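Peer 1: If you read the sequences in order, they're chains A and B. For my numbering, count along the first sequence from 1 and bump the result up by 10. For my numbering, count along the second sequence from 1 and bump the result up by 48.
These are computed hints drawn from the structure, not numbers from a lab. The structure presented is a predicted model; accordingly, all values stated were derived computationally and were not measured. All C-beta atoms in this analysis are idealised placements derived from N, C-alpha and C, irrespective of residue type, glycine included. Where hints are given, some of them may not hold.
[Stated by the list, open to error] Keeping only pairs whose Cα atoms sit at most 27 Å apart, straight-line, the calculated BS3-like set for lysine-lysine is:
hint : chain 1 : residue 1 : chain 2 : residue 2
1    : A       : 384       : A       : 369
2    : B       : 151       : A       : 452
3    : B       : 414       : A       : 452
4    : A       : 452       : B       : 418
5    : A       : 452       : A       : 384
6    : A       : 384       : B       : 208
[Said to hold, decoys possible] Quick list of simulated restraints, FRET-style, between CB atoms:
hint : chain 1 : residue 1 : chain 2 : residue 2 : range
7    : A       : 483       : B       : 253       : 32 to 40 Å
8    : B       : 119       : A       : 303       : 45 to 53 Å
9    : A       : 425       : B       : 204       : 29 to 37 Å
10   : A       : 367       : B       : 497       : 41 to 49 Å
11   : B       : 399       : A       : 166       : 51 to 59 Å
12   : B       : 236       : A       : 71        : 25 to 33 Å
13   : A       : 15        : B       : 107       : 53 to 61 Å
14   : B       : 119       : A       : 214       : 21 to 29 Å
15   : B       : 107       : A       : 307       : 45 to 53 Å
16   : B       : 80        : A       : 373       : 42 to 50 Å
17   : B       : 204       : A       : 35        : 18 to 26 Å
[Unchecked claim] Computed far set for chain A versus chain B, every beta-carbon distance over 12 Å:
hint : residue
18   : 19
19   : 37
20   : 51
21   : 110
22   : 160
23   : 167
24   : 182
25   : 196
26   : 204
27   : 283
28   : 384
29   : 435
30   : 458
31   : 463
32   : 483
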Amino acid sequence: MPPVMDSVALAAPLVLLALMGVVLMVAAAVFRPMPKGAFWMASCATVAGALVLVALSSGQPANEAFSGMLRMDAFGNFFACASLLGGLFALLLTESYMERIGVRVGELYALMLFALCGMLGMAYSNDLMMVFISLEVMSLAIYAMCAIKRSDERAVESGFKYFILGAFSSAIMLYGVAFVFGATGSTSLTTIAHSLASSGGEAGTLLLVGVALLFVGFGFKVASVPFHMWAPDVYQGAPTTVTALMATGVKAASFAAFGRVVIGALGEDAGHWSGALWVMAAATMLVGNLGALVQNDLKRMFAYSSIAHAGYMLMALSSVSEAGAVENDGIGSLAFYMLAYVFMNAGAFAVLSLMTDEKGDDATDIAKLSGLGKSHPWLAAGLSLCLISLAGLPPTMGFIGKFYLFAAAIGAGQVGLAMVGALGAAAGVYYYLRPMVYMYMKDGHPEIAQDGRAKLALGVCGALLVVFGLMPSAVLAWADVAVRSVIG
Amino acid sequence: MPLLSLVTLLPIALGIVVAAMPQSASRMGALVASIVVFVVSIPLWTGFDAAGAEYQFVEDMDWIAQWGVRYHLGIDGVSLCLILLTTAMTPLILLAGFSGVEKNFRGYAALMLVLEGAMIGTFVALDTFLFYVFWELVLLPMYFLIGIWGGERRIYAAVKLFIYTVAGSLFMLVALIGLYYQFHEATGAWSTDLSDLLTLSLTPATQKWMFACLALAFAIKVPMFPVHTWLPDAHVEAPTGGSVVLASVMLKMGTYGFYRFAMPLFPDAVTAYGPFLIALAVIGIVYGALVAMVQDDVKKLVAYSSVSHLGYVMLGLFALNAPGVSGGIYQMLNHGISTGALFLLVGVLYERRHTRRIVDYGGITKVMPKFALIFMIITFSSIGLPGLNGFVGEFMILLGGFQFAPIPTIIAASGVILGATYMLWCFQRMMFGPLQNEANRNLKDLNPRELAYLLPLVVLAFVMGLFPNVFLDRINPSVERFVERMEGHFEASPYACGDACLPSWLAQEAE
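Chain B on its own, in the form it takes in the complex:
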């Protein structure tokens, strides 16, 4: 049974089925479809051998034989977690959409399912060509989700998202083609397969321009400072479900791209450009947090908090040691849970009041106690309170980062405090204080449907905070292989230049 193909293609097929359903049946149909996909994806988790081979559930066959392009799928612990995050979030998003999506739910759900399949595709593809196809495919449904169901400036936001991402992707394409020819020059064979390409030893100069091209494409998706400017627009204008899927999964495609492709393929370039990217990550952490602090639109606040949180992920990945990278991966999942939940919560309020301005709220705890409780837990999860998921990831990242790059990590750690400031301040202004706005007096608390899509995330936040090893056990072996490759390559590389040409802080740590 080709399980990975099934998990990837089933959502796309079901999306087409949903598109053909009558509008009235589409709600239940889409929800059932997404739950079916989730159930189908569970055997991936149960059947996954944590200590096993590098890639599991591998499917490998010719696709475009003339070009050596293969349909090569496989997952390690990292992709496994991201796939389950995707399949678990989609039913919740669709459930939330029952009330938030006012027109044409059928089209919305169909696009959401196609998007799910395409995103899973990026996480399972082990062939660069196949990865690129899924990568681009993700963009189309997202474009329509924002452009059709979004807010006032939806067209602007959708086009901006599209142009930014496509511009980055084209650079990635050029680099991948370059790599393809490098492989042909070295071996005489044609291949776009990742495992083949990893055997290449490229000159540092080649690595540098190719890494730069890939890094640009991925950095736009992450998004890293200074190419993050599409994100606040996209988040603010997107419908709730679009924001959730964007934050929970789509941004991870960028960091995953670094982890799976850009870094292992070009380790020498990582040494060269690592300090630069770490600097950008740290700027993103602090800058994102500071900008989030001054937002009066709560959705924009959460959007900028994403820039800050993803900065941590990048810092962790570029720490190049086990705790840092594992923490970065774990933080990807955490961010998916907590920021996804935050967008859902904002959506709940928006549906009731049709405003996202923080000043329009205040004292909401009095009328919506259940909502306030969940909001509080998720806020704590987002700022990294011990016992909740955010803490584990941030702690590991800072631990790993400090071993590798102490000063940037110290600056980054200030982002934890800033994060607590903007989240708690926002919570305080919205939830506490007197209930001054008359319009808020009759707000209804969460209904069972809303609880049904929020509670799983709250539970996950606790589980991931209290039992991180359930996940880390699966992530760590993959991360170790990743770290080994990065380290092993430096020793073996004829181009390794020793301490002399490393920045001093890097040289010290290398000792």
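Chain A extracted, bound-state conformation:
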């Protein structure tokens, strides 16, 4: 077998997603109007298939594919699973939601598969060029999906805004890649790490400039302060199910690539930039949590919440690097939290998508939840569970995750950062309680769409949050394997 076929076999999940994306794109042009159900079924099956392929490859030793562009290891598998689960949950909500807001285009599903393919690329990439290409594959698809409802001004604004700012940040990132290449002579993460190790962690200004620019690029993608400005508008304007994908899959993939670059390539140089991560993490936790306090639109609130959570996860990256050496717990807590974050956001967005009823009014004002506890007790209970988990309270996965994050930070000697995080989390409790106040303590007649698939997504997420909240050992062990595959 020629070596390229080996690579294709190794990267089977990516190949599957890309191929099916192309097939659906062509099919969308041929079958007009879009046949009901077929595209949705096909894309669900594809994502599920990709999940199975990732699962099958787990347990195998780390392998490089496409001349070291991709590194198929447990770390990548973990984040690929997180992204694919996010994608699968978003898909479950998509069809009937899009029907309700009057969008019937098959291309949406093709774009979704491309985006997921890009996310997997980011999770597995072992080369800055690959990171960039995957990021673009993912982002371009998401930009288009944001504006998929062309008659909706806010959606178009959201897509446009995201595109302009995203293109800008991508350019900055690419510039950073160029600097890093100039400083180390390579774009391969492995080679960069070797070159830094041989120079004893002493890196020149060139590298530092490159790292700073890379941080800007990643900071934009994970929505960290001060590169978060786009998030509230884009989250609010985009169709809810696209927002769900942004809040879950995109975040997981971006953090996977960020983590790989930080620990895989630049770990040796941590002393020079860990301070920057510290500041970014602290500012992101504070701005996200404080910003969310005053939001009355749920999607906007979740945008700020996602900023805050990016801050928590940056705290993990910061504790990875604090000691100048790579710490297991920091990256392990990031991985664990990421998975929890996917479940709790996917569950919450399932309810948000149902707030768009048959009339297609896709406003997500918090007052629309009034009385939900009485009219839809199960939906309200599910959303409450997700909110409790987001707030980091037991008995949910969010609590275990937050404990792990804070423990890792304190273990790395970052008590100050952990205190900032604790203050932010305390403020966070307030805004996560607010939807519950409306659901249970105010009267109203919420207009909620009927959609079994969204309820299924909510049910699965809620159940997993509790199960892994009470018995986290298995996921912790898995996260640990993932970490060891990159740290060794």
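Following the hints, put chain B in place on chain A, whose structure we already have.
Peer 2: Same frame as chain A, now just chain B:
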């Protein structure tokens, strides 16, 4: 048979069952469920060996093996009494809720049962992580109980309760994580188990910041002056059952936290911060009593009386000697009985008249003689009349406190007089005098259901007042171990600084 797991998890499971019942069956269902839990908890009492090992009914297994987190349960005499208080109060609360809860009794009862299980969990957990999980879990049902079934300003009160407690809890979490790493540094192993953590010898500086974090979390729950401000709001807005469970059991989680975790883990910090906490306790006693005196809302009056009574408990615990600590523990139970009963009584009146203002009543004795009799007994119990439960606890606390810190205790003793003043004055204004308000003329006296949930408490008040040894025999061995640990540690501690750096009043007593 893992009895402790059963007593802890059964209420939660039954709560879920009740949530799935039809609304019409939920009353009987919930009542039966809570009685079943009570019956299941009785073997704890009968099977408890008063002179036995430190912790009994121990269950210990791995929970999160990677982190050394254990599912470790066990009880001593103190937790035993608090568990039985919890399981005994819950049926009474649910019975009282039959008339007081106007909407969705099913949800109310389900939350109440989950709350019961979570509270028991905090009393049986011997692993700090497990304790924290139960501690936080308690908050959620309470939040909904106040927020959904509460009065006018219920949302404000519920959110305030939540934010206060969570803010404290996060500090506790940071300290517990710090302790976790201290243990790892000292031994190389990971553990959150209390018995492991107790073997650590920490520097006074470390002890101080960790104790401060834990003390803040527990002080908010107790509540101690000046972080008590959530309590009057929560009590006034909560439905009757919520107030009862809050006063009877939930506040005890704070004092229990001091007794089980904060004090034994950080004895040096207790020496350092003890005078400060005693001062706050004494301020709470006097301040709570004075504020209670000027309330025109009877529920608020009882709420502030809780601040005062819990001040006694804290004074007793920080006296660090057997009578003081035993008295403090006993007072926790007494307060659970008498204040719980007071809230139930206020609830009875409120259901009839829909007002809690003292001036709207007066001369009630004439129309509700049975009610007046029970109210009188409970009032006496609350102010510590000999023969009733309150007296035993207060007496022991003052006895122990005086040995340890005479001047603060003398000031605290004035709270007994103030307590008698506000309770008796309130009783007089509501119960005696002419029946002036026309609306009160046709009030019905207690019905059998109301008697059924009030009489057990009256009986308990007498039993605990006349036969305190039944309880103290079980409490004392645990307390002795506690006192020994506090004392033993001072002698053994390389950081003990002798009389020179102790406050003079403490130095005198140490001699």
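Peer 1: If a hint holds in the structure, say so; if it does not, say that too.
Peer 2: Hints versus structure:
| no. | hint | in the structure |
| --- | --- | --- |
| 1 | 384/A with 369/A | holds (22 Å) |
| 2 | 151/B with 452/A | holds (14 Å) |
| 3 | 414/B with 452/A | violated (41 Å) |
| 4 | 452/A with 418/B | violated (39 Å) |
| 5 | 452/A with 384/A | holds (10 Å) |
| 6 | 384/A with 208/B | holds (23 Å) |
| 7 | 483/A with 253/B: 32 to 40 Å | holds (35 Å) |
| 8 | 119/B with 303/A: 45 to 53 Å | violated (36 Å) |
| 9 | 425/A with 204/B: 29 to 37 Å | holds (34 Å) |
| 10 | 367/A with 497/B: 41 to 49 Å | holds (45 Å) |
| 11 | 399/B with 166/A: 51 to 59 Å | holds (58 Å) |
| 12 | 236/B with 71/A: 25 to 33 Å | holds (30 Å) |
| 13 | 15/A with 107/B: 53 to 61 Å | holds (56 Å) |
| 14 | 119/B with 214/A: 21 to 29 Å | violated (53 Å) |
| 15 | 107/B with 307/A: 45 to 53 Å | holds (48 Å) |
| 16 | 80/B with 373/A: 42 to 50 Å | holds (46 Å) |
| 17 | 204/B with 35/A: 18 to 26 Å | violated (54 Å) |
| 18 | 19 | holds (33 Å) |
| 19 | 37 | holds (45 Å) |
| 20 | 51 | holds (34 Å) |
| 21 | 110 | holds (30 Å) |
| 22 | 160 | holds (41 Å) |
| 23 | 167 | holds (34 Å) |
| 24 | 182 | holds (36 Å) |
| 25 | 196 | holds (36 Å) |
| 26 | 204 | holds (31 Å) |
| 27 | 283 | holds (25 Å) |
| 28 | 384 | violated (8 Å) |
| 29 | 435 | violated (6 Å) |
| 30 | 458 | holds (19 Å) |
| 31 | 463 | holds (24 Å) |
| 32 | 483 | violated (6 Å) |
Taken one by one, the earlier hints fail for this structure at numbers 3, 4, 8, 14, 17, 28, 29, 32, listed in ascending order.
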